[in-house]
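Participant: Here is what each chain is made of, one letter per residue.
There are 8 protein chains.
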Amino acid sequence: MKKHVVAIIMGSDSDLAVMSDAARLLDEFHISYEITVVSAHRTPLRMVSYARNAEMKGMRVIIAGAGGAAHLPGMVASLSTLPVIGVPIKTRTLDGIDSLLSIIQMPLGIPVATVAINNAGNAALLALRILALSDSQLQEKLARYQKRMNAMVRKKAAKLKRVGYQSYLKSA
Amino acid sequence: MKKHVVAIIMGSDSDLAVMSDAARLLDEFHISYEITVVSAHRTPLRMVSYARNAEMKGMRVIIAGAGGAAHLPGMVASLSTLPVIGVPIKTRTLDGIDSLLSIIQMPLGIPVATVAINNAGNAALLALRILALSDSQLQEKLARYQKRMNAMVRKKAAKLKRVGYQSYLKSA
Amino acid sequence: MKKHVVAIIMGSDSDLAVMSDAARLLDEFHISYEITVVSAHRTPLRMVSYARNAEMKGMRVIIAGAGGAAHLPGMVASLSTLPVIGVPIKTRTLDGIDSLLSIIQMPLGIPVATVAINNAGNAALLALRILALSDSQLQEKLARYQKRMNAMVRKKAAKLKRVGYQSYLKSA
Amino acid sequence: MKKHVVAIIMGSDSDLAVMSDAARLLDEFHISYEITVVSAHRTPLRMVSYARNAEMKGMRVIIAGAGGAAHLPGMVASLSTLPVIGVPIKTRTLDGIDSLLSIIQMPLGIPVATVAINNAGNAALLALRILALSDSQLQEKLARYQKRMNAMVRKKAAKLKRVGYQSYLKSA
Amino acid sequence: MKKHVVAIIMGSDSDLAVMSDAARLLDEFHISYEITVVSAHRTPLRMVSYARNAEMKGMRVIIAGAGGAAHLPGMVASLSTLPVIGVPIKTRTLDGIDSLLSIIQMPLGIPVATVAINNAGNAALLALRILALSDSQLQEKLARYQKRMNAMVRKKAAKLKRVGYQSYLKSA
Amino acid sequence: MKKHVVAIIMGSDSDLAVMSDAARLLDEFHISYEITVVSAHRTPLRMVSYARNAEMKGMRVIIAGAGGAAHLPGMVASLSTLPVIGVPIKTRTLDGIDSLLSIIQMPLGIPVATVAINNAGNAALLALRILALSDSQLQEKLARYQKRMNAMVRKKAAKLKRVGYQSYLKSA
Amino acid sequence: MKKHVVAIIMGSDSDLAVMSDAARLLDEFHISYEITVVSAHRTPLRMVSYARNAEMKGMRVIIAGAGGAAHLPGMVASLSTLPVIGVPIKTRTLDGIDSLLSIIQMPLGIPVATVAINNAGNAALLALRILALSDSQLQEKLARYQKRMNAMVRKKAAKLKRVGYQSYLKSA
Amino acid sequence: MKKHVVAIIMGSDSDLAVMSDAARLLDEFHISYEITVVSAHRTPLRMVSYARNAEMKGMRVIIAGAGGAAHLPGMVASLSTLPVIGVPIKTRTLDGIDSLLSIIQMPLGIPVATVAINNAGNAALLALRILALSDSQLQEKLARYQKRMNAMVRKKAAKLKRVGYQSYLKSA
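Chains as they are written, first to last, in numbering that gives the first Met the number 0: chain A, 0 to 171; chain B, 0 to 171; chain C, 0 to 171; chain D, 0 to 171; chain E, 0 to 171; chain F, 0 to 171; chain G, 0 to 171; chain H, 0 to 171.
For the record, the hints were derived by calculation from the structure and aren't laboratory data.
Please note that a few of the clues may not be correct.
[Claimed, not checked] Distance condition first, Cα-Cα at most 16 angstroms in a straight line; then the derived EDC-like pairs of lysine to aspartate or glutamate:
no. : chain 1 : residue 1 : chain 2 : residue 2
1   : B       : Lys89     : B       : Asp20
2   : C       : Lys154    : C       : Asp134
3   : A       : Lys89     : F       : Glu33
4   : H       : Lys155    : B       : Glu54
5   : C       : Lys169    : A       : Asp20
6   : H       : Lys1      : H       : Asp26
7   : D       : Lys2      : D       : Glu33
8   : G       : Lys155    : H       : Asp26
9   : B       : Lys155    : D       : Asp94
10  : G       : Lys169    : H       : Glu27
11  : E       : Lys155    : C       : Glu33
12  : C       : Lys160    : A       : Glu33
13  : A       : Lys160    : F       : Glu33
14  : A       : Lys56     : A       : Glu33
15  : A       : Lys1      : A       : Asp26
16  : E       : Lys89     : C       : Asp94
17  : E       : Lys89     : F       : Asp94
18  : A       : Lys155    : F       : Asp94
19  : H       : Lys140    : H       : Asp26
20  : D       : Lys160    : G       : Glu33
21  : G       : Lys160    : H       : Glu33
22  : B       : Lys169    : D       : Asp20
23  : E       : Lys169    : C       : Asp94
24  : G       : Lys89     : D       : Asp94
25  : G       : Lys1      : G       : Asp26
26  : C       : Lys89     : A       : Asp94
27  : E       : Lys1      : E       : Glu33
28  : D       : Lys169    : G       : Glu54
29  : F       : Lys155    : E       : Glu54
30  : C       : Lys155    : A       : Glu33
31  : E       : Lys160    : C       : Glu33
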């Protein structure tokens with residue numbers, strides 16, 4: 000079995016629908032990852048040992064998603080020297096602005112690389128950019144990914160030009 | 000030496016100016032407390048052991064102040080069954096709305112009793128109300144404190160009536 | 000009949016769906032409570048007498064939920080020396096940020112222990128932590144509750160590992 | 000002595016600097032008022048009796064200023080049928096957005112006529128508009144006041160035209 | 000025909016669902032009103048003449064509802080000396096916080112009595128409190144209205160006590 | 000074929016439902032436009048050349064819609080000297096307040112004429128006002144458009160008067 | 000005397016310090032403008048006639064600055080078919096977020112081209128971009144202005160490279 | 000000369016006071032960097048070529064600071080496959096909430112690793128964590144840095160215990 004190099008963790012299994020976007024992207028790039036539930040508040044000691052052992056297990060990047068008073072990404076970052084990417088999960092009451100602020104506003108010394116609310120896909124792409132620094136094949140794959148996005152936009156622009164906006168909207 | 004029953008902890012010594020308001024009030028009510036710096040992010044393991052040992056040491060209430068991505072109160076609450084009171088510290092960039100949301104928006108299972116931004120005095124008074132449940136003398140002191148506040152407002156109202164608002168403003 | 004030790008009050012019966020979470024948790028811990036509607040604005044005198052008599056009736060903690068210009072928790076706290084826990088109810092227009100600020104931003108002298116928006120369950124757990132200070136059995140129950148939460152997260156993590164995220168999401 | 004028809008009340012004497020703007024305007028219009036400190040939180044019973052007696056004492060409008068978890072205007076409105084005007088006082092931590100929301104977001108049944116943050120002057124002018132409904136002299140004075148404001152703007156516009164913006168800024 | 004004493008105006012007929020709450024309450028109190036659409040932006044001159052003629056037509060209070068960049072209440076207040084009550088209409092994009100701020104933050108000289116977002120009912124009740132200052136019958140009706148609200152809360156509290164919260168929730 | 004004078008561009012085809020409102024209005028005024036997808040982030044070089052060539056192609060106004068971290072309008076404005084109108088697209092997580100701020104808060108030197116969230120129709124009307132400065136026929140059409148809006152409001156007001164608010168609401 | 004083609008208006012002379020940035024930029028580009036105070040609230044009729052006559056007087060763009068419940072830009076836009084540029088003025092209480100929302104959130108039909116808070120300079124540059132559509136000399140001047148900004152950044156970058164960041168900071 | 004592996008870029012030299020914190024930290028860890036001004040809005044083509052050449056020049060991480068409508072980090076990320084770290088600069092009008100949202104809310108495909116407002120030091124530490132993945136010496140230095148922070152907190156806690164909070168505050 001290939002060794003996992005990315006950890007995808009989340010505070011609750013209700014975050015899985017969002018966090019699975021990260022897993023799907025890593026699958027697409029053939030990067031091996033572990034995905035699990037680690038709650039800062041319900042399993043604090045499990046979180047401590049998970050964060051402290053991550054590097055030894057071969058992990059190179061940790062992606063941590065959490066909502067509300069979202070302490071998981073920051074706590075994991077304080078217990079490891081690996082780069083930690085935080086994904087603020089949208090909440091029912093405050094739309095995730097609580098998650099965003101409690102992940103990003105870390106004090107000097109303990110950085111968390113925060114991405115947009117619910118954007119676990121971008122967390123995976125950020126992990127890939129980091130891993131690609133020492134993996135030229137991955138670097139090329141990322142470049143191709145960006146070209147594909149580019150081509151897709153151009154294709155949509157061409158279709159919009161061809162069919163007009165009314166037809167485009169109907170076909171959407 | 001009297002045993003400490005309240006712990007006043009804070010994420011950084013820059014929070015001390017605010018958190019000392021809690022100490023002053025406990026002093027006034029002759030309640031013994033310990034005041035110290037415990038950083039969730041810079042000393043995570045110290046925080047874990049501090050929280051886990053607090054009850055055994057005789058602590059009955061923990062007052063925790065923190066600013067920004069304020070994880071200390073919630074993490075301590077997850078590592079103890081004592082009542083934890085959170086004080087959101089005002090921050091230079093977002094006025095403490097980040098501290099407030101990252102302290103109060105805890106998930107079901109781990110409550111933090113949050114007070115107003117920078118209002119460490121109220122955190123102490125909340126601790127006193129809790130301690131007073133099993134200390135009738137303290138209960139009486141609290142009732143007297145509330146009466147003194149009441150009297151002070153009435154005194155100010157009387158002065159305002161006597162001197163008029165212009166003189167009152169000048170004498171302030 | 001067992002004497003009630005917790006009061007669960009709310010500004011309107013439309014808050015009951017949220018506030019009943021507190022009742023359910025107290026039921027689970029076999030703590031006797033009274034649950035009723037007390038409106039600061041529609042029944043101000045009833046509120047005054049309710050708050051002033053609570054302690055004499057044997058209440059030890061008051062849980063008060065309110066939405067919008069939420070004055071109930073703060074007013075009750077000003078009329079009693081019991082610990083008062085405020086639950087900001089989510090509103091249709093401002094998502095409960097109005098409720099949150101009008102409950103938590105109390106002036107020095109009158110603390111309200113505020114929990115997350117709509118999180119009446121945590122209000123109950125906070126009340127239990129307070130009551131447990133003089134009830135070692137309750138303390139043990141709380142510790143077991145925290146262990147059960149911990150076990151449930153680990154169980155979910157184990158399932159996620161076993162079935163993979165795709166199956167987990169489908170079975171959710 | 001002329002009977003007071005307007006009550007200007009505030010939660011704390013620290014609000015007096017703002018609330019005195021209302022007094023000054025009423026002085027200017029020769030409307031008799033009472034100005035005093037009534038704290039919803041520190042003197043709840045005084046507030047109840049103040050609000051309940053206001054009408055009998057001949058008051059016709061109540062202007063209430065408060066900051067933070069600002070409960071005074073709404074509570075007074077619930078204890079009287081007089082029109083109550085709320086002045087949200089700017090706060091050090093949240094700039095008065097807390098005061099504003101906790102004054103204005105009243106439930107159906109209990110209105111508070113809320114004005115801009117710190118704008119006690121407008122509270123007085125609103126009281127004057129209300130009193131003028133049954134006082135044609137006052138109505139005329141208000142019309143003249145509006146004309147004076149109008150003339151002052153036109154005078155400033157004329158000066159700006161005459162001297163140019165650079166000189167105008169220097170002379171300001 | 001009875002002369003109208005209250006004007007209920009709104010910026011768009013899409014505001015009517017909200018503003019009709021004001022009409023219903025005035026109907027209940029047998030107060031005669033005119034209800035119409037006056038757009039500050041689409042019919043600015045109609046707005047100017049409407050506001051300038053309101054007093055002459057016998058109007059005593061103007062209730063104005065508007066959403067988004069809500070200029071109607073403030074502009075009408077600047078063109079009349081009648082008391083103007085503003086109702087911020089909830090918007091699809093910003094939940095009415097835009098409406099609220101653009102109605103309430105008026106400069107010194109031109110007050111708008113602002114009520115809660117979408118709370119046209121409270122605008123009507125505020126108008127009634129104002130009219131009642133010179134109508135003792137109306138004053139009594141308002142007192143009875145407040146008593147009915149009070150009774151209704153007590154009735155709900157009694158039912159909740161009788162049936163328990165589970166049955167109450169099911170019957171709601 | 001008539002030369003295009005307005006460019007309607009958007010960051011993603013998911014913005015088309017909103018941005019098509021601009022197209023419809025320009026159609027109504029017989030102004031020729033190009034509508035296409037240009038992503039600042041997915042097709043940065045296409046954006047650079049599109050913006051740099053717009054003027055040479057005969058474009059006179061650029062309408063650019065974008066959501067979230069909305070960089071398209073500002074980047075296009077920095078690469079052209081044409082007037083650029085920005086349309087903040089409502090987002091799922093933050094309601095478009097992110098789009099609004101990242102479009103409007105441009106530094107000195109590079110203006111973006113920003114309109115309300117999702118209001119692509121107003122972007123088109125602003126473009127028409129600009130084009131009308133050198134097209135008196137268009138100026139007249141705009142004046143007629145404003146009169147039609149005015150008439151429509153008056154018609155609705157007449158209907159509301161005729162049928163009453165209850166019937167009006169039912170027929171809506 | 001050269002005919003004025005831009006109107007710079009503001010709600011209060013206290014806005015002049017900000018709005019004079021627009022005047023300075025127009026001076027620099029030799030564009031003739033009128034600068035005056037027109038208050039929507041204190042001089043509503045003057046505002047109506049000013050807006051209705053602007054086009055006839057030869058104005059081609061109106062720049063309107065206002066703070067708080069900022070109604071001037073939107074009202075002027077509703078009374079004219081000229082392009083209107085709104086400048087939200089920073090306020091003491093809410094930092095200008097009130098000004099921004101009450102200027103930009105205009106309903107369909109009446110656009111206001113809004114720029115960043117306090118950025119009157121960008122309002123002038125937007126006016127220049129609009130005027131340049133029918134003035135090729137101005138177009139060239141704008142292009143040169145953009146080049147100068149570009150050169151200035153490159154010069155700063157060169158200096159930073161040459162002296163290092165420590166010296167650069169000291170010399171600033 | 001050692002090859003630069005980190006690029007520190009900023010939209011304006013007024014951001015240098017904040018961004019120099021990143022430089023100082025990289026100096027402390029003996030990591031070679033280039034620090035320069037690259038404005039997305041004033042030098043868009045320079046930005047394009049800078050971003051496209053960064054990797055070829057040997058850069059491994061790009062730290063980009065910007066304020067207001069902060070487009071630099073996102074645009075650079077769209078023109079490179081290197082990890083880009085965004086630093087939202089605090090602004091005078093909106094405290095940096097505009098900078099934060101316009102940096103972090105990137106669409107799927109183009110991640111920006113965002114850190115707290117003004118926290119350029121954490122941007123540097125995040126870059127170091129990334130570089131340390133292929134540099135075990137750096138990894139050790141980071142671990143020592145975290146230990147030093149830990150020790151410093153413990154030292155402060157010890158001093159606070161020794162001298163008491165009053166003396167501590169005086170000596171601060």
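Participant: Each hint should be assessed against the structure and marked as holding or not.
Facilitator: These are the hints, each one checked on the structure:
1. Of the pairs offered as hints, the one joining Lys89 of chain B and Asp20 of chain B holds, with about 14 angstroms between alpha carbons and a cut-off of 16 angstroms not exceeded.
2. Between Lys154 of chain C and Asp134 of chain C the CA atoms are separated by roughly 30 angstroms; this puts the pair beyond 16 angstroms, and the hint is violated.
3. Between Lys89 of chain A and Glu33 of chain F, the direct Cα distance comes to roughly 36 angstroms. Violation of the 16 angstroms bound is thereby established for this hinted pair.
4. Using a Cα cut-off of 16 angstroms, the hinted pair Lys155 of chain H and Glu54 of chain B is violated, with the two alpha carbons roughly 23 angstroms apart.
5. Proximity of Lys169 of chain C to Asp20 of chain A is assessed by CA-CA distance (about 15 angstroms); at most 16 angstroms being required, the pair is judged to hold.
6. Simply put, Lys1 of chain H and Asp26 of chain H have alpha-carbon atoms about 13 angstroms apart, close enough for the 16 angstroms limit, and the pair holds.
7. Only pairs whose Cα atoms come within 16 angstroms are accepted, and Lys2 of chain D paired with Glu33 of chain D is accepted, the gap being roughly 9 angstroms.
8. Restraint check: the Cα-Cα separation between Lys155 of chain G and Asp26 of chain H comes to about 22 angstroms, which exceeds 16 angstroms; the hinted pair is violated.
9. For the proposed pair Lys155 of chain B and Asp94 of chain D, the alpha carbon gap of about 25 angstroms is over 16 angstroms, so the pair is violated.
10. Of the supplied pair hints, the one linking Lys169 of chain G and Glu27 of chain H is violated, its CA atoms being roughly 20 angstroms apart against a limit of 16 angstroms.
11. Between the alpha carbons of Lys155 of chain E and Glu33 of chain C the distance comes to roughly 14 angstroms, so the proposed pair stays at or under 16 angstroms and holds.
12. Simply put, Lys160 of chain C and Glu33 of chain A have alpha-carbon atoms about 8 angstroms apart, close enough for the 16 angstroms limit, and the pair holds.
13. Taken as a hint, the Lys160 of chain A and Glu33 of chain F pair is honoured in the structure, with Cα atoms around 8 angstroms apart against an allowance of 16 angstroms.
14. With a C-alpha separation of about 11 angstroms, the suggested pairing of Lys56 of chain A with Glu33 of chain A holds against the 16 angstroms cut-off.
15. Note on Lys1 of chain A and Asp26 of chain A: the hinted pairing holds, with a Cα-Cα distance of about 13 angstroms set against a maximum of 16 angstroms.
16. Between the alpha carbons of Lys89 of chain E and Asp94 of chain C the distance comes to roughly 12 angstroms, so the proposed pair stays at or under 16 angstroms and holds.
17. A hinted pair counts as satisfied when its Cα atoms are at most 16 angstroms apart, and Lys89 of chain E with Asp94 of chain F qualifies at roughly 14 angstroms.
18. Using a Cα cut-off of 16 angstroms, the hinted pair Lys155 of chain A and Asp94 of chain F is violated, with the two alpha carbons roughly 25 angstroms apart.
19. Distance hint between Lys140 of chain H and Asp26 of chain H is fulfilled; the C-alpha atoms sit about 13 angstroms from each other, no more than 16 angstroms.
20. Distance restraint check for Lys160 of chain D and Glu33 of chain G: the Cα-Cα separation of roughly 8 angstroms lies within the 16 angstroms cut-off, and the hinted pair is therefore satisfied.
21. Using a Cα cut-off of 16 angstroms, the hinted pair Lys160 of chain G and Glu33 of chain H holds, with the two alpha carbons roughly 8 angstroms apart.
22. Our distance criterion of 16 angstroms between C-alpha atoms is met by Lys169 of chain B and Asp20 of chain D, whose separation comes to about 15 angstroms.
23. For the hint linking Lys169 of chain E to Asp94 of chain C, the alpha-carbon distance of about 25 angstroms lies beyond 16 angstroms, and the restraint is violated.
24. The suggested pairing of Lys89 of chain G with Asp94 of chain D holds, with an alpha-carbon distance near 14 angstroms, which does not exceed 16 angstroms.
25. Proximity of Lys1 of chain G to Asp26 of chain G is assessed by CA-CA distance (about 13 angstroms); at most 16 angstroms being required, the pair is judged to hold.
26. The suggested pairing of Lys89 of chain C with Asp94 of chain A holds, with an alpha-carbon distance near 12 angstroms, which does not exceed 16 angstroms.
27. At roughly 11 angstroms between alpha-carbon atoms, Lys1 of chain E and Glu33 of chain E fall within 16 angstroms of each other, so this suggested pair holds.
28. Only pairs whose Cα atoms come within 16 angstroms are accepted, and Lys169 of chain D paired with Glu54 of chain G is rejected, the gap being roughly 31 angstroms.
29. Of the pairs offered as hints, the one joining Lys155 of chain F and Glu54 of chain E is violated, with about 23 angstroms between alpha carbons and a cut-off of 16 angstroms exceeded.
30. For a cut-off of 16 angstroms, the pair hint linking Lys155 of chain C to Glu33 of chain A stands: about 14 angstroms separates their Cα positions.
31. About 8 angstroms separates the Cα atoms of Lys160 of chain E and Glu33 of chain C, which keeps this hinted pair within 16 angstroms; it holds.
Of the numbered hints listed earlier, those contradicted by the structure are 2, 3, 4, 8, 9, 10, 18, 23, 28 and 29.
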